[in-house]
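Q: This is what each chain is made of:
2 protein chains.
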Amino acid sequence: MSDARSVVVGAAQLGPIARDEPRAKVVERLLVLLNDAHRRGVELVVFPELALTTFFPRWSLDERAEIDAFFEREMPSDATRPLFDEAKRLGIGFCLGYAELTADGHHYNTQILVERDGTVVGKFRKVHIPGHEETETWRKFQHLERRYFEPGPDGFEVWRAFGGLIGMAICNDRRWPETYRVMGLQGVELILIGYNTPLHYAPDPSQDVLQSFHNHLVMQSGAYQNATWVVGVAKGGCEEGVDSLAESAIIAPSGRIVAQCQSNGDELATARCDLDACKSYKDTLFDFDRYRMPEHYRRITDQRGVQAPEP
Amino acid sequence: MSDARSVVVGAAQLGPIARDEPRAKVVERLLVLLNDAHRRGVELVVFPELALTTFFPRWSLDERAEIDAFFEREMPSDATRPLFDEAKRLGIGFCLGYAELTADGHHYNTQILVERDGTVVGKFRKVHIPGHEETETWRKFQHLERRYFEPGPDGFEVWRAFGGLIGMAICNDRRWPETYRVMGLQGVELILIGYNTPLHYAPDPSQDVLQSFHNHLVMQSGAYQNATWVVGVAKGGCEEGVDSLAESAIIAPSGRIVAQCQSNGDELATARCDLDACKSYKDTLFDFDRYRMPEHYRRITDQRGVQAPEP
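If you read the protein sequences in the order shown, they are chains P and Z. The opening residue of the first sequence carries number 1 in my numbering; numbering runs sequentially from there. The opening residue of the second sequence carries number 1 in my numbering; numbering runs sequentially from there.
Heads up, some of the hints might be wrong.
Copies of the same chain look alike in the list, so a pair counts if it fits in one copy or across any two.
As the list claims (entries may be wrong) - With a cut-off of at most 35 Å between alpha-carbon atoms, the simulated DSBU-like pairs for lysine-lysine come out as follows: (1) K279 / K25; (2) K88 / K25; (3) K282 / K140; (4) K282 / K123; (5) K140 / K279; (6) K88 / K123; (7) K282 / K88; (8) K282 / K25.
Hints in this document: simulated from the structure, not taken from any laboratory.
Next comes chain P alone, as it looks inside the complex (with noise of 0.2 Å):
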């Protein structure tokens, strides 16, 4: 049962990963998930956001050093150089999460997309950057993404890869609509998703509730109204003090969760992902020239916020 228009998938859900724990420790995390892949016939697996460290913007860091000590110069790296090999020789391509320091100096939170022969054929830079810029001393903890990552420049492309259209997106991109759109108009078939998401969230602590609900919401309408496959992968787990939301899912192209982590430590779900499963929806429903009305949609590129009509 294998065609060329089906790609295994195995969503890598990670647990916490601690401040003072080595890259190279995290690397063995990842082949253990890479290698139970292997042994589950997955052809791509996908690990979370910032897949190599902590998640450091909980912290307020000043020291540029201390900052950039959690970005990759390179990759692969030194530390990173066995996951690439052991892919390669398994023949799995993978989608790995990581904050990157360019060589002239800029910071993204970026993941890119390796095939199963080793070649990177697609990196993604994080587009839309939640959280602050500036300390907030009231929170528990911070989330000051805003002062350390630059918002990606090159928006949302869409790869011929694996036999498909594949796309990818980091964490907050989920929640909005703009982002699954832009590659459904590419015809992607499907995107990759990691996030690192804390229960809590402070400037409106009733949504900590709803995390589990939204995280779903948004991936499987993105999912849906795109017909597309999207695979959502956490950094789940209790990470030094902070819960952070696991529920790391494969959602087909009609919507619905077809494999789920159970728990929220390091974690593989698969399943088979049928790309021709998206013309259902894409020849019919959402035959997007027959159906879309662009001339309508103008407010969407037009203006950033809110103009409501006059009183």
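Dock chain Z against chain P, hints included.
A: For chain Z alone, kept in the frame of chain P given last:
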């Protein structure tokens, strides 16, 4: 328990309307729901799409006069005047869907919003017209909306009424994330949506068992991602041999369903909609001005159909 920033809304679901059921009889049913709403403290009653007649696009009709008999040339008309009068007498606002034939010969699928004092404050004409133009004899029943209706030329407006910012959409509009977003960018707080949704979708019957799931998925994500109340109201039940989805629901800005009809017939579901509840999302996670990245959304307005990357 009442203040200027909350509205008690009634989702006034209808069961089937027979092809030969005269408008006067239908209006009697609307009046029963209106009076029930009054007893339950409702300030705004929402009736479904094409609430005055059977869902006639299921038939292939060629005679102009036979088609136009399903359309209203004026609103209020003689048949609907009792509804307008009684609503004004009771001090209840309402939203009503009907087929509109304009003085200059345009055919629209229309919904109007009437304030508690009887003033018509808004008119919306369905933008996303589903179905097909030509008779397809292989179908068990037709869905000829694209023959009978032109797309609404005015897009998605938002009106100041009922102490807040109110928008409207009709049936298939609700499946498109752009619908909610265009209104979200005008600060919408309450979106009123009528629908007629056959359970059987002839072009891809695998979607049939998912109708209920999809209906709620798109409205719940539209509500959450735009921090707005959404009221979806069905004409449900078996109408002229065609089973249609009921499941009318009132959805909070959190995306959660807070009231839902239980039958597939004439039924009222009510909820107090606190319009200020929108703020907890509009001012935090979905602060559009702070977090949206429209420079990366260009495809949404620049193109209509899919443009896949070069092979």
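Q: Each of the hints needs a verdict: does it hold here or not?
A: Taking the hints in turn, this is what the structure says about them:
For a Cα distance limit of 35 Å, the shortest separation of K279 from K25 qualifies neither inside one copy, at 42 Å, nor across copies, at 44 Å. Taking identical chains as interchangeable, the C-alpha atoms of K88 and K25 lie at most 35 Å apart only when both belong to the same chain, with a minimum of 20 Å there against 71 Å between chains. Taking CA atoms no more than 35 Å apart as the test, K282 paired with K140 passes between copies only; the shortest distance there is 22 Å, against 45 Å inside one copy. With identical chains, the CA atoms of K282 and K123 are at most 35 Å apart both within one copy (26 Å) and between copies (31 Å).
Taking CA atoms no more than 35 Å apart as the test, K140 paired with K279 passes between copies only; the shortest distance there is 22 Å, against 46 Å inside one copy. In this assembly of identical chains, K88 and K123 lie within 35 Å of each other by CA distance solely inside one copy; the values are 18 Å within and 60 Å between copies. For the homomeric pair K282 and K88, the shortest alpha-carbon distance inside one copy (33 Å) is at most 35 Å, but the shortest distance between copies (46 Å) is not. Taking the shortest alpha-carbon separations for K282 and K25, neither the intra-copy value of 43 Å nor the inter-copy value of 41 Å comes in at or below 35 Å.
The structure fails to meet hints 1, 8 from the earlier list, while all remaining hints are met.
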